[in-house]
Amino acid sequence: VAVTTEAKLDARKLRADFPIFEQEIHGKPLAYLDSAVTAQKPRQVLDALRDFYETSYGNVHRAVYSLGERSTAAYEGAREKVARFVNAPSARELIFTRNATESLNLIAYAWGLNNLGPGDVVVVTELEHHSNFVPWQYIARRTGAAFRLIRLHEGGELDLSGLDAIALEGDVKVVANNLVSNALGTINPVEALAAWAHDQGAIMVVDAAQAVPHRRVDVQALGCDFLAFSAHKMCGPTSVGALWGRRELLEAMEPFNLGGHMIRKVELEETTWGDIPQKFEAGTAPIAEAVGFGAAVDYLNEIGLAAVEAHEHELTTYALERMAEVPGITLYGPPPERRAGIVSFNLDGVHPHDVAQVLDSEGVAIRAGHHCCQPLMGRLGVAATNRASFYLYTLPDEIDRLVEGIDKARRLFS
Amino acid sequence: VTELDNMYREVILDHYKNPRGHGVIEGADVEAEGMNPLCGDEVSIFVSFDGDKIEDVKFRGRGCAISQAATSMLMEMVKGRSAQEVAALDRDELLEEVGIPLTPIRLKCALLGLGVLKLALHKGKGTPLPDEWAGLAEDLELK
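Line order of the protein sequences matches chains B and Z. Going letter by letter, the first sequence gives residues 1 to 414 in the numbering used here. Going letter by letter, the second sequence gives residues 1 to 143 in the numbering used here.
Don't take every hint at face value.
What the hints assert, rightly or not - Computed far set for chain Z versus chain B, every beta-carbon distance over 12 Å:
1. L4
2. G27
3. A28
4. M35
5. P37
6. D41
7. S48
8. G63
9. R91
10. E93
11. T103
What the hints assert, rightly or not - Some, not all, of what chain B presents toward chain Z, calculated at C-beta under 7 Å:
12. H351
13. H353
14. D354
15. S361
16. G363
17. G378
18. A384
19. L412
20. S414
No lab work stands behind these hints: they were computed from the structure. What you are looking at is a predicted structure, and each value in this text was computed from that prediction instead of being measured. From the three backbone atoms N, C-alpha and C, an ideal C-beta is built for every residue, glycine too.
If we strip away everything but chain B, and leave its shape as in the complex, we get:
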């Protein structure tokens, strides 16, 4: 195992891998500060997709002919890579899904419907993306379980002081939390929550969509039971994501989607299910996308996640410092040491859409909206925020352009 001791990356050099940066937006170089919503794709991943389609494409697991074997080897090879990337004990515990949202729905339906009922408590946090909030709210309502929230401190970090009170309300069966908040960048104390969840006899479900692309995530060290993430946020293709789950839980679970490939035997009266992971992969899989997912993992391993994390930490520290100079700005979320490469903010008297529009005219792409976090927006007392997010290809001078653009919006509306 290669150990990266000197964690440093050269973002300017890495940018050459990304064809999208070869264009200008409104006559200016593209400063893409929206990687939290989706990351751009390097040639290495695009080439892997193309190469697979051109040389090895066939459906997996069924064909007797050579292409089918090649395709299956590539698909299963990708599973191995993705599983290893999060230190899963076995690749069989790694299920390919459509995205992190589908991974979380899979748990909520396939585990939740059979394990929750009146007297049980489902716990999520105010900081969740709708994808780890709405499925649990819905399944709790359907099963009669209580749905409880871990609240936030002013600074955008979880307030764990309410846990004891929650435990008194019934049998806590699920705790669901994101490892990194997509809206504020908060790095959440998932290990501590997982330990508490297990003390209650609950499972710990982790939405790691904003974490796996940016820092080393180890499912065994976290002590969680399920972990969900998406390829497209880590330089991979859209339409493929992953769910890691503990083997005994996956094996005991009912299937989610039903149909081809997930069966053992279909009879007129009854059907039995295949082994994991096939049990959860009905229908033709996102085969090429999974291969691209594997290529993205290779790409990130080559750079080193420690280097990515360090780079983003530097950018975030710099961004928070620079952005604080703008009069009338409100910055949300924790200090840089407990925050990933995401900065949410508002500008006094200027709606986020207008800020984002002004920035677009400068070639700077940021997000404006509720970030699929309406409970959090309610907590912050705003309808929307602006959000800039960083990745391995982000440059410090793009943050300078961000700050200049925000100031331009301020002057325009003052």
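Mind docking chain Z on chain B? Use the hints.
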């Protein structure tokens, strides 16, 4: 003139900062509200009628400059006109007044107020609803 200067031309900024017809009509004949779930723009519109004529109309809301300025312009455009005429108002009439190039996303911002006004007229006078509001009409109670 850049695209940005076009979008945030003086008249838009003026309507945003000094909205016309801004406020609440106490005892209005009808009130409607709407939001753009994509960005959280919100607009409430209050109408009082004199027969079929829109005697007074006011709005309040929060949102981007385009949504609030376009609604402000709309207030000036429709006051004194008949409910039927305004219910049939072509969106291009408002967009011409707004007078800026709009991307599909921002178009929704610009048309939010018009949709809410048509909803209010529907509630008050039974005029036809724009398609995008048809499904919502039952959820909103007549005041």
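Structure versus earlier hints, numbers of those that do not hold, lowest first: Result: hints 1, 4, 5, 6, 8, 11, 16, 17, 20 break, sorted rising.
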